[in-house]
Amino acid sequence: MRGVSRWIALLGVLGLVAAACNSDSSTAPSGGGSSASAVSSIGPTEGDLNLIAWVGYTEDGTTQGYENYDWVTPFEAQTDCKVSVKYADSSDEMYNLMTSQAGQWDGVSASGDSSNRLIASGAVSAIDPALFPDFSNVIAPLQPTTGTDNSHYVVDGNVYGVPYMYGPNFLMYNSKVVKPAPTSWDVVFETQLNGAANPYASKITAYDFPIYIADAALYLMTHKPELGITDPYSLTEDQLNAAVELLTGQATMVDKYWALYTTEIDGFVNESMVAGTAWPVNLSFVELDKPEVKAAEPTEGMTGWADTWMLSSSAPHPNCMLEWMKWSMKADVQAEVAEYYGAAASNTEACPILRDSLDKQFDFGYAVDTVRYGYCGDAKFLDALWLWRTPQSPTDYSLWTQKWLEVRAS
Amino acid sequence: MRYRGGAIAIRLASGFVLAFLYIPLAVVFLYAFNGSVAQGWPPKDFTTKWFSLAWSDPTMREALANSVKIGLAASFVAVVLGSLAAFAMHRFRFFGRETVSFALVLPIALPGIVTGMALRSAMSTTGVTFSIWTIMIGHATFCVVVVFNNVIARLRRTSGSIVEASMDLGADGWQTFRFVTLPSISTALVAGALLAFALSFDEIIVTNFLSGAETTLPKWIFNAIRLPHNRPVANAVALIVILLSVIPVYLAQRLANQGEVDRTPTVR
Amino acid sequence: MSQETIGSGSSRTGLTRRASGYLNVHPKVRLALTLGIPLLWIGVIYLGSLGLLFVNGFWRVDVLTSRITHDWGLQNFHTLWTSKVYRTVTIRTAGLATAVAITDVLLAFPLAYYAARIARPKVRAAILVAVVLPLWSSYLVKSYAWVTMTSPNGLIDSLSRALGFPSLHIGTTQWAMWLAYAYLWLPFVVLPVYAALERIPESYLEASSDLGGRSWMTFRRVVWPMAIPGVVAGSIFAFSLTLGDYILPIILGNTKLIGNVIYDNVGVANNLPLAAAFALVPVAVIGVYLFLARRLGAFEAL
Numbered sequence: 001m002r003g004v005s006r007w008i009a010l011l012g013v014l015g016l017v018a019a020a021c022n023s024d025s026s027t028a029p030s031g032g033g034s035s036a037s038a039v040s041s042i043g044p045t046e047g048d049l050n051l052i053a054w055v056g057y058t059e060d061g062t063t064q065g066y067e068n069y070d071w072v073t074p075f076e077a078q079t080d081c082k083v084s085v086k087y088a089d090s091s092d093e094m095y096n097l098m099t100s101q102a103g104q105w106d107g108v109s110a111s112g113d114s115s116n117r118l119i120a121s122g123a124v125s126a127i128d129p130a131l132f133p134d135f136s137n138v139i140a141p142l143q144p145t146t147g148t149d150n151s152h153y154v155v156d157g158n159v160y161g162v163p164y165m166y167g168p169n170f171l172m173y174n175s176k177v178v179k180p181a182p183t184s185w186d187v188v189f190e191t192q193l194n195g196a197a198n199p200y201a202s203k204i205t206a207y208d209f210p211i212y213i214a215d216a217a218l219y220l221m222t223h224k225p226e227l228g229i230t231d232p233y234s235l236t237e238d239q240l241n242a243a244v245e246l247l248t249g250q251a252t253m254v255d256k257y258w259a260l261y262t263t264e265i266d267g268f269v270n271e272s273m274v275a276g277t278a279w280p281v282n283l284s285f286v287e288l289d290k291p292e293v294k295a296a297e298p299t300e301g302m303t304g305w306a307d308t309w310m311l312s313s314s315a316p317h318p319n320c321m322l323e324w325m326k327w328s329m330k331a332d333v334q335a336e337v338a339e340y341y342g343a344a345a346s347n348t349e350a351c352p353i354l355r356d357s358l359d360k361q362f363d364f365g366y367a368v369d370t371v372r373y374g375y376c377g378d379a380k381f382l383d384a385l386w387l388w389r390t391p392q393s394p395t396d397y398s399l400w401t402q403k404w405l406e407v408r409a410s
Numbered sequence: 001m002r003y004r005g006g007a008i009a010i011r012l013a014s015g016f017v018l019a020f021l022y023i024p025l026a027v028v029f030l031y032a033f034n035g036s037v038a039q040g041w042p043p044k045d046f047t048t049k050w051f052s053l054a055w056s057d058p059t060m061r062e063a064l065a066n067s068v069k070i071g072l073a074a075s076f077v078a079v080v081l082g083s084l085a086a087f088a089m090h091r092f093r094f095f096g097r098e099t100v101s102f103a104l105v106l107p108i109a110l111p112g113i114v115t116g117m118a119l120r121s122a123m124s125t126t127g128v129t130f131s132i133w134t135i136m137i138g139h140a141t142f143c144v145v146v147v148f149n150n151v152i153a154r155l156r157r158t159s160g161s162i163v164e165a166s167m168d169l170g171a172d173g174w175q176t177f178r179f180v181t182l183p184s185i186s187t188a189l190v191a192g193a194l195l196a197f198a199l200s201f202d203e204i205i206v207t208n209f210l211s212g213a214e215t216t217l218p219k220w221i222f223n224a225i226r227l228p229h230n231r232p233v234a235n236a237v238a239l240i241v242i243l244l245s246v247i248p249v250y251l252a253q254r255l256a257n258q259g260e261v262d263r264t265p266t267v268r
Numbered sequence: 001m002s003q004e005t006i007g008s009g010s011s012r013t014g015l016t017r018r019a020s021g022y023l024n025v026h027p028k029v030r031l032a033l034t035l036g037i038p039l040l041w042i043g044v045i046y047l048g049s050l051g052l053l054f055v056n057g058f059w060r061v062d063v064l065t066s067r068i069t070h071d072w073g074l075q076n077f078h079t080l081w082t083s084k085v086y087r088t089v090t091i092r093t094a095g096l097a098t099a100v101a102i103t104d105v106l107l108a109f110p111l112a113y114y115a116a117r118i119a120r121p122k123v124r125a126a127i128l129v130a131v132v133l134p135l136w137s138s139y140l141v142k143s144y145a146w147v148t149m150t151s152p153n154g155l156i157d158s159l160s161r162a163l164g165f166p167s168l169h170i171g172t173t174q175w176a177m178w179l180a181y182a183y184l185w186l187p188f189v190v191l192p193v194y195a196a197l198e199r200i201p202e203s204y205l206e207a208s209s210d211l212g213g214r215s216w217m218t219f220r221r222v223v224w225p226m227a228i229p230g231v232v233a234g235s236i237f238a239f240s241l242t243l244g245d246y247i248l249p250i251i252l253g254n255t256k257l258i259g260n261v262i263y264d265n266v267g268v269a270n271n272l273p274l275a276a277a278f279a280l281v282p283v284a285v286i287g288v289y290l291f292l293a294r295r296l297g298a299f300e301a302l
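As given, the protein sequences belong to chains A, B and C, one line each in that order. Take the first sequence: its letter number 365 is residue 365 in the working numbering, and every next letter is one higher. Take the second sequence: its letter number 10 is residue 10 in the working numbering, and every next letter is one higher. Take the third sequence: its letter number 192 is residue 192 in the working numbering, and every next letter is one higher.
Fair warning: there could be bad hints in the mix.
Here are the simulated SDA-like cross-link-like pairs (lysine to any residue), alpha carbons at most 20 Å apart as the crow flies [to be verified]:
1. LYS49/B / GLY65/A
2. LYS142/C / ARG178/B
3. LYS326/A / SER136/A
Everything labelled a hint here was simulated from the structure, so no lab data went into it.
Sequences are here, hints too, so could you generate the full structure?
Below is the structure:
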């Protein structure tokens, strides 16, 4: 047999030819840009439900040490939908799974940095809010028709999911080292503070994803108004470059960027980090070892995240997913999630339930009205948060990714 | 080596390298018994609770079972494909032999992320459901070369005259294979299969791309490691796996050495 | 022709014998079957998928629809070439991978030599078991062990201060990544080097010393040339595993490597074409490495 190498080459070329001839080999599922029509009825359930979720959003009582947190088993009992969950590490992975494994998943707990991309690529379906009575209790800024902060899941009047948890990206700092208590993000962004070099340089941390550029843009909204930034997620190329310049300066002061929140927790516990952007859950863990670490709400404002359960446009079990979406909006469910995860519930009826529960268990009910639980029920606070949204224009997330690489590779 | 000085230097260096190999494992060992959840140094308190927590966690057991299933299936496929390829390479002269060994080595030489992305894209265009079988396909692909190398190395050392003798005595090809060839490479197959199993068992990158809802042990560990209260459990699990694997590794080593000539040099 | 032959069972008639006979007479069919099946797997499943992936490098994503358009062109390669950052990352990763490969060879060689040529059989078996065992512990857990060891006040820092040296906070530097990678891939390097050293006939070494060569000369002229294929084969593992990794940089160190750049582009960035184009870079680098390795005979020694 001559030319075995010829056969190998031929097989490889076949792959290329197949790809070239395959006119629709895009990784996005069919469905087009905006959904044809919103799903407006829930039919009989199918018996199974495959979800993609953040760890901690779908507790079923099997987590060691937290067996009393379970909002999945009651759902399964009520709807006969057996739940399987795939935990995703990042919004990137969620997007990947929804597009490259499209017929396999029913829904996803999408964060704002990926939700718009999912909507644009047709991976998720629009739904009719009338299907979910709990929408009337959703906190005002997240309301589908009248909300002011809902562009991460409402596009062109179409509603693409149901709101779940939200939270701020606040400034976490070590109060024994960072004195006086910071009121501005300048401690993490400026290389010069009060005329001298930043004393906390080499002990700063920042979030290791391109969406963090929005935090820099938010800072520049106040400190460089001449740039004309009005929305940290809609940046022109000039504004983007200005933000990148600020971040490049910050990079010289960063000890380590955190992508996994254990990185930030470890950093604050061993004091290699003393200030940086954080989630409430990070603070909860750090506090156990270092009670002097606190949260600050800088005057420039904060970015935040709001997660939405979205229905896949190629869901194999759409009715179970719709039932799950209905279930996840219930006040008592959201209170339980908020308590376990450390976030604010979108359903305002959940806040008093949460307060009661925290009071009874830990005498901690007052925390519900602090940044720790995202000021549950406080519409003004939420309105002031710049919730994550996938940047699409004038500059696209793909460009943000490249710019972020420039910041990180410097 | 004739010179004592050289021998001593080599012994010292070997000891240092072995120590280097095992100090981090000693750290894992220490932290498997660490009382506090934060992985600070030195470890405080002593507890064995992580082991019982690990074992009583149903998700961990399921992940472990999946990893074992995938490992066995992938090693089996790798053994079949690898030995077939080894026989072909050993017995026949054909044009493009080097290209074949090149093609076989590619899945393990190219970055896992490339293999993972490529396989995932291809699989999703065919619409296949991602499950432990898709993971197995990915693992088998890069494990083939491991078995191939072991088998072909052994084939090169086996005298071809035995096969000829068998044929001369009237055995047909299948009988020769079953009674002569197979026993002579069996230990190489076992060694290759074991290494293939080990590679598959701890693989995470390709697995990340090709998995569906099922978890494997490395994915479970990755999830555990990202949650502060689960991290010590991951240490305990890793330690258990190492301890459990001592026996099969040792047995495989003994098997692989059977029939090998004693190579101890006469001068120490 | 009698059906009773050595090892024959009761039903040695017909099919198996006829099949064996046929295959005996038609070696090409035998070759097609033995070689064809694995090649089909590797060729169709693997190479085909690779081809599909790399074709994407020549296409682009439509920003408005988020879908890949079959718009053939070199725009991705243009982006990679003009933006300095991709070059920086490539050079940095290649440099790290080279350092790791060299370190691992230096570490592996004495151990492999000891096991192959000096140790008694029982000790040799014990060493080989000891080398293979760490492969069974989780890559992630071992990486986190290194995070702990290199953290401030960690093992390395404390040791350094105890010995009177300054504090060593290397956890966020490339030094930590170098150490961790060298550690993780070491068993993969020891095994081929051991295999190569084990193959050296004792008679060569005896002849060399009989001819008056001292140990260094014997090493340089006899041992090393025969070990090269194994060394190169082992270095392929260390080099390519480092070149494509994206998980360790998330956990340890503070740098993005080639793997991270590729990974970051296939997520929400939704830029598979750019990721595929950039993926060709490590593939090309490894391709060159493999080509050189083949020249040095490494494929005989894997």
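Query raised in the report: Regarding the pair LYS142/C and ARG178/B, is the alpha-carbon distance no greater than 20 Å?
Result: Answer violated: LYS142/C to ARG178/B is near 42 Å, above 20 Å.
Requested in this report: Would you mind confirming whether the straight-line C-alpha gap from LYS49/B to GLY65/A stays at or under 20 Å?
Outcome: holds, 12 Å
Query raised in the report: Does LYS326/A pair with SER136/A here, judged by a C-alpha cut-off of 20 Å?
Result: Since the Cα atoms of LYS326/A and SER136/A sit roughly 13 Å apart, the hinted pair holds (cutoff 20 Å).
Comparing the model with each earlier hint shows a violation of hint 2 alone; every other hint is respected.
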